[in-house]
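J.: Residue strings, one per chain:
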Amino acid sequence: MILEAIHIILPILIVIASIYAVLLKDLIAAAIAVSAMSLMLSLEFYILQAPDVAIAEAGIGACLTTAILIIAIKATKRMEDET
Amino acid sequence: MSEMSKIVRTISSISFPLIIIYGLYIISHGHLTPGGGFQGGAVVASGCAMILVAYGSIWTIGKMKEKNLSLLESIGAICFILLAIFGLGFGAVFFNNFLVGSDFLFGTIPSAGSTIANINTGGVIPLMNFAVGIKVIAGLFAIVLVMAHASSTREGKK
Numbered sequence: 001m002i003l004e005a006i007h008i009i010l011p012i013l014i015v016i017a018s019i020y021a022v023l024l025k026d027l028i029a030a031a032i033a034v035s036a037m038s039l040m041l042s043l044e045f046y047i048l049q050a051p052d053v054a055i056a057e058a059g060i061g062a063c064l065t066t067a068i069l070i071i072a073i074k075a076t077k078r079m080e081d082e083t
Numbered sequence: 001m002s003e004m005s006k007i008v009r010t011i012s013s014i015s016f017p018l019i020i021i022y023g024l025y026i027i028s029h030g031h032l033t034p035g036g037g038f039q040g041g042a043v044v045a046s047g048c049a050m051i052l053v054a055y056g057s058i059w060t061i062g063k064m065k066e067k068n069l070s071l072l073e074s075i076g077a078i079c080f081i082l083l084a085i086f087g088l089g090f091g092a093v094f095f096n097n098f099l100v101g102s103d104f105l106f107g108t109i110p111s112a113g114s115t116i117a118n119i120n121t122g123g124v125i126p127l128m129n130f131a132v133g134i135k136v137i138a139g140l141f142a143i144v145l146v147m148a149h150a151s152s153t154r155e156g157k158k
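Chains as they are written, first to last, in our numbering: chain V, 1 to 83; chain X, 1 to 158.
Heads up, some of the hints might be wrong.
Computed cross-link-like contacts, DSBU-like style, restricted to lysine-lysine with a CA-CA straight-line distance of at most 35 Å [said to hold, decoys possible]:
(1) K67(X) to K77(V)
(2) K74(V) to K25(V)
(3) K77(V) to K63(X)
Beyond 12 Å from chain V on every Cβ pair, some chain X residues (computed) [unchecked claim]:
(4) I109
(5) S111
(6) L127
Here are some of the chain X residues that sit facing chain V, going by a computed Cβ distance under 7 Å [stated by the list, open to error]:
(7) A42
(8) S46
(9) V144
(10) M147
(11) A148
(12) S151
Derived by calculation from the structure, the hints in this document are not laboratory data. Glycine is no exception: its CB is placed at the ideal position from the N, C-alpha and C atoms.
Work out the full structure, taking the sequences as your base and the hints as a guide.
T.: Below, the structure is given as structure tokens:
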């Protein structure tokens, strides 16, 4: 019962985090939203009985991609331009 | 990137050995539990990236040169290919598992089927996991280190 509830709640949270990553003007906040989306995606992989993919997703997606994005944002401007 | 505050540096110094040991556990138990060379290498490279963010790229590139990381990555690839060619030499085909059944290193065959406790099994597969782990640690950490160092030197010139 609780597993089905998690199966319904987690994809909704993934979609919400992805929409925030697109809409936010602060680029560091957008990078954190991408990281949160990746962390919930790895939890979903673990629930779907794929712990191998979950470890790779948590290492690459939630940690290293966020580090590279934040280093790149610190070398450029933080806020997105209004066009 | 410059170094962060003393609280961040202390906490990352405490949690760095735990992350490294967890990643090495994933690599060395790759033939028994989920995970393997790539996943464990990604975990260890994440711990090294945490140290890089906490201590700054100038300090980190003084401890670990980018040239040494490139050398380590090449050593991993050469070990992987050499193990495969040893399979061609000792056995019949490329990637032949020549260590299994030899009672030497990772070579025993359990009598009642392999369980999670039989670490000393698998033949040549754990050695290939170690080779892939070394290559992935060096490769992923070299990307983050070079990018942080390049951005920090560009900040210094302005």
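J.: Hint by hint, note whether the structure agrees.
T.: Hint by hint, here is what the structure shows:
no. : hint             : in the structure
1   : K67(X) to K77(V) : 30 Å, holds
2   : K74(V) to K25(V) : 15 Å, holds
3   : K77(V) to K63(X) : 29 Å, holds
4   : I109             : 25 Å, holds
5   : S111             : 28 Å, holds
6   : L127             : 20 Å, holds
7   : A42              : 3 Å, holds
8   : S46              : 4 Å, holds
9   : V144             : 6 Å, holds
10  : M147             : 5 Å, holds
11  : A148             : 5 Å, holds
12  : S151             : 4 Å, holds
Violated hints for the displayed structure: none, as all numbered hints are satisfied.
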